[in-house]
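In order, the protein sequences belong to chains A and B. Using the numbering used here, the first residue of the first sequence is number 236, and each one after it goes up by one. Using the numbering used here, the first residue of the second sequence is number 1330, and each one after it goes up by one.
Incorrect hints may have been included.
[As the list claims (entries may be wrong)] Counterexamples of contact, computed for chain B against chain A with all Cβ distances above 10 Å:
hint	residue
1	Ser1353
2	Ser1354
3	Ala1427
4	Arg1479
5	His1504
6	Val1633
[What the hints assert, rightly or not] So the derived list for chain A, only partly shown, Cβ under 8 Å to chain B, looks like this:
hint	residue
7	Ile247
8	Ile248
9	Ala252
10	Pro273
11	Arg277
12	Val294
13	Ala367
14	Pro374
[To be verified] No farther apart than 27 Å at their CA atoms in a straight line, the calculated lysine-lysine pairs in the DSS-like style are these:
hint	chain 1	residue 1	chain 2	residue 2
15	B	Lys1543	A	Lys279
16	A	Lys331	B	Lys1456
17	B	Lys1543	A	Lys331
18	A	Lys250	B	Lys1608
19	B	Lys1543	A	Lys270
20	A	Lys345	A	Lys414
21	A	Lys376	A	Lys431
Don't read these hints as lab results, they were simulated from the structure. Here a beta-carbon is modelled for each residue, glycine too, at the ideal position from N, C-alpha and C.
What follows is each chain in one-letter form.
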Amino acid sequence: MRSIYLGFEGKIIKKGAEAELYLIDFLGIPAILKKRIPKPYRAKELDAHIRRMRTSHEVTMMFHARVCGVPVPAIYDVDPDEGVIIMEYIPGPTLKEMTLKDYEVSSIFKLVGFYVGKMHLNNIVHGDLTTANIIVPEPEKPFFVDFGLAERTGELEAIGTDVHLMLRALESTHYSKVKELFNAFLRGYREIMGGKVENVLKKVQEIRRRGRYVEERRAKIH
Amino acid sequence: MARRVVVLGIESTAHTFGCGIVDSSGNILANVNNTYIPAKGGIHPRESAQHHSDVAPRVIRTALSEAKLSMDQVDAIAVSLGPGLGPCLRVGATICRALAVAYDKPLIPVNHAVAHIEIAKLTTGFKDPLIVFVSGGNTIIAAYSDGRYRVFGETLDIALGNLLDAFAREAHLPHPGGPRVEELAKKGERLLKLPYIVKGQDVSYSGLLTAAVKLLSEGHRIEDLCYSLQEYAFSMLAEVAERALAYTEKKELVLTGGVAANSELQRKLMMVAEEHNAKFGVVPKALSGDNGAMIAWTGVLAYVHGVTINVEKSYVKPRWRLDEVDIPWI
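Here chain B stands alone, though its shape is the one from the complex (with noise of 0.2 Å):
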């Protein structure tokens, strides 16, 4: 048996500053996350970094007291390099830099997409799933195949927790955004006429935002509205995960990212996973925002394939996309 390794890693590539520390069999020895959370408005970057740097010392320090931990029994440091917002990233990564240096460990270089789908797997025990990946910033169908997670659809404007959370900003709902359109969506009755729009393997949610909103400035039901927004946008999601799942032939189908938590979104996957005789699972609520177990978790798996960076080199990637990540350790 190998020797146990622990890493530290973190997460900043948005609104959540998180610090996780998981060892290497996969126990998640700690998990601390603060989600910074505009008073009004989307998130903007720079307070967002601001918020970062505000919470940073004390949600590590958190962190290796809730593992029991001292720096000294950390192996390795984890950092999420992108793909995000560059204020953000930058944050999180001089921390990391700053803890390599300081106690003299090796740095690792981690995605955030490959992180989430990393935790997906973990949680589920799944090994070759086809994954849908949703969250505030991403809206991707991938698969493994021959060294890399490779996309097999996406959304072509923005993404689905975007959506969501941009329709809640209009019609005035308060924050968090995505859970209460799901709330107000289980009291719709009506479904209204919206645009369904998908491009081959390719969903696109831009002329379905601005058709809600509209529909919300003629005064239609707000519940019937979320109904009718989230029926057509997950529609469309499980129609192109379908077409995936078909095309890969993959016999699991796993749901993560901070979308996953919505039930009527893993009610429509789960019937997809079904027909094509594929097992369904969901990241646990706890794992699917962002978070800094996910990032020590495939630090771990990083690390112990010899997968590290120069802190001389390790520049945050705003647009680091998940198929250019070489993944060894599958």
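Okay, chain A solo, but in the shape it has when bound (with noise of 0.2 Å):
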């Protein structure tokens, strides 16, 4: 299927590692065009293949989330050909600015922490937990975007991989306020996650252990 916006013209609002997004106007209203560029140090049928299989699966996974109550842009259109995905436009900071520039977000956390149990308890792993992901067009409504690594599964592995990435997020960016923030992300999952969440903290510890050096006495989850 392809987009009859691929003769698009809109402003480029950002370029990140993996995709640009465009503003453009859509039947008139406001939307955001996002298109997976070429990666020239991946061999070209990789290439292609990844961006093909990560488009047409953000919009899967994205409308997963929709349909089981968490909010994320709405799609109008895709072109998986073309890498391209054209989706409601939310305006807002990122969580990442948001807490970097020292807001009070710890209930916004907490939403997060509910909103994440609710895809986790649907079997839908996001697979880029990060405060850069999230934006926050008001307090009461943190969007979640970029599900292009997300995957259909409800295996602990998978869940605790993503709980340890939303901890490692906090610690690379947000270092000083790791505990704080990590625990208004733990009440709210563990409000909709209920005894589950035990689980899922004991998972994330053997990963963290895993791959990686981690010093034993540190080893304990926050």
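Assembly of the complex is requested from the two constituent chains, each provided in isolation within its own frame, with the hints serving as guidance.
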């Protein structure tokens, strides 16, 4: 299916590692066009395969997340061969920006934990949970984006990796507030996951011990 | 100008016992290394430790004579306390403690991963790079921020060097495995399908190893297998490095560690750097693998910033993480 918007005109608003984001006009409303760019360092066939898979995968997973009540932008159109997705424009800062600017974000982190739990209960693993992939148009509604690495699975291993990624994002970028923010995340996460949280945390601990050099006494999750 | 300081550093975290002597201007006065090569299979920690204690006196003496220095002219002893294999670490630590006590020199604790980073910065002249550190035991993407090197990506299971070496062993390629895989990969023609596993800013290599070994047993051309294995493994690493580069907005990218000598990996990461207008640098081959000079140089940096450790407290730390080390010299 070729998108009618391939000859789009729009203004580039972000050049990420994987994709470029354009703000375009879609039938009279502002929309985001996300285009995955070819990577010269990958063999051509591998690169084409990865971009196609991630594009079609991303819309599928966003749709699943939206259906189960997690705030994600609505999908307007998709063209996997071109690596293009057109979706709802969500204006607002990222959670990364807000946290770095020292806004009071613990209640947002609690909500993030709640929605991540909602995804996990519905067999959706985001696969790239960082604060840069959460947009906050209003404090009561953090939007999740970048589902290109998401998986449809209920496996504890994948769920644990998801939580590990969130924790590591805190450690690398928001290192002075790791404990406070991760605890806030867990409060929301526990609210929906209930008793399953302990198993997930045990898994996270196991994952962090596996490939990494971890100080034994530190291996406990905050 | 501050007084010239000379530090003798000992490396013994895994298969290499090394002694380096470096001064405070960054001159490498000696770098003598002796690597244990197992007759078959991987490194056995105890056998490697035995090797280290056999070669240690000779390695240290050779380093001192290369540097044309006596122990009296050395200001301090730097020891690589971790991360690494316990028995191997203990050999280096025991020797360093003995030297420190016998010659009455301060002892400086050095983290092996920090040393790989600092030697790369010294040799490339980079000040604040995104670091890709790849070796037999490590696959780490890190950058400095607020007093420490922070980890932005890493392997979730086995290290890149381990992946290449383990595959080489399965394919009965002679030692050293990594360079053999690189040579054969140059003659690869067909890209075989393997799992490409990136999770956020992390990679996972264990599934890739299993799949490559399976294809091996199915009788595919070894050249195609080596090419495909490298293409997948390095592309995954390049992707997470690119993510970290975009995320941290660093303007330099440096490749260090034993696998840094691989030219295909260099080529891929150079393209990543170019795309983000970052400078690209690689640690010189002689200093890419484990070596004593990097411990000595990091020892210099630490020593002039007052970092020393009491002999009584100089325990080895097999699991000493990069992001636990305070970096007062930046």
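These are the hints, each one checked on the structure:
For serine 1353 (chain B), the non-interface assignment is confirmed: its Cβ lies about 29 Å from the closest Cβ of chain A, beyond the 10 Å cut-off. Every Cβ of chain A is farther than 10 Å from the Cβ of serine 1354 (chain B); the closest lies at roughly 32 Å, confirming the non-interface assignment. Residue placement check: alanine 1427 (chain B) keeps its beta carbon more than 10 Å from all beta carbons of chain A (closest about 26 Å). Its closest Cβ contact with chain A, about 5 Å, brings arginine 1479 (chain B) to no more than 10 Å, contrary to its assignment away from the interface.
The beta carbon of histidine 1504 (chain B) is kept farther than 10 Å from every beta carbon of chain A, the shortest such distance being approximately 24 Å. Listed as outside the interface, valine 1633 (chain B) is consistent with that label: its C-beta sits roughly 26 Å from the nearest C-beta of chain A, beyond the 10 Å cut-off. Checking isoleucine 247 (chain A) against chain B: minimum C-beta separation of about 14 Å lies over 8 Å; hint violated. At a threshold of 8 Å, the smallest CB-CB gap from isoleucine 248 (chain A) to chain B is about 14 Å, leaving the interface hint violated.
The interface hint given for alanine 252 (chain A) holds, since its Cβ lies 4 Å from the closest Cβ of chain B, which is under the 8 Å cut-off. Given the 8 Å rule on beta carbons, the hint for proline 273 (chain A) is violated: about 11 Å separates it from the nearest Cβ of chain B. Interface hint status for arginine 277 (chain A): upheld, as the beta-carbon distance to the closest one in chain B is roughly 5 Å, under 8 Å. Interface hint status for valine 294 (chain A): violated, as the beta-carbon distance to the closest one in chain B is roughly 19 Å, over 8 Å.
Hint on alanine 367 (chain A) holds. Least Cβ distance to chain B is approximately 7 Å, under the 8 Å limit. A hinted interface residue such as proline 374 (chain A) counts as satisfied when its beta carbon comes closer than 8 Å to some beta carbon of chain B; here the least separation is about 24 Å, so the hint is violated. For the suggested pair lysine 1543 (chain B) and lysine 279 (chain A), the alpha carbons sit about 24 Å apart, so the restraint of at most 27 Å is met. Distance check on the hinted pair: lysine 331 (chain A) and lysine 1456 (chain B) sit about 25 Å apart at the alpha-carbon level, within 27 Å; holds.
A distance of roughly 42 Å separates the Cα atoms of lysine 1543 (chain B) and lysine 331 (chain A); the hinted pair therefore is violated under the 27 Å criterion. As the CA atoms of lysine 250 (chain A) and lysine 1608 (chain B) are separated by approximately 19 Å, the hinted pair is consistent with the 27 Å bound. Restraint check: the Cα-Cα separation between lysine 1543 (chain B) and lysine 270 (chain A) comes to about 35 Å, which exceeds 27 Å; the hinted pair is violated. Under the criterion of a C-alpha separation no larger than 27 Å, the hint pairing lysine 345 (chain A) with lysine 414 (chain A) is consistent with the structure, at around 13 Å.
Between lysine 376 (chain A) and lysine 431 (chain A) the alpha-carbon distance is near 24 Å, which keeps this suggested pair within the 27 Å criterion.
Violated hints, listed in ascending order, are 4, 7, 8, 10, 12, 14, 17 and 19; each of the other numbered hints is respected by the structure.
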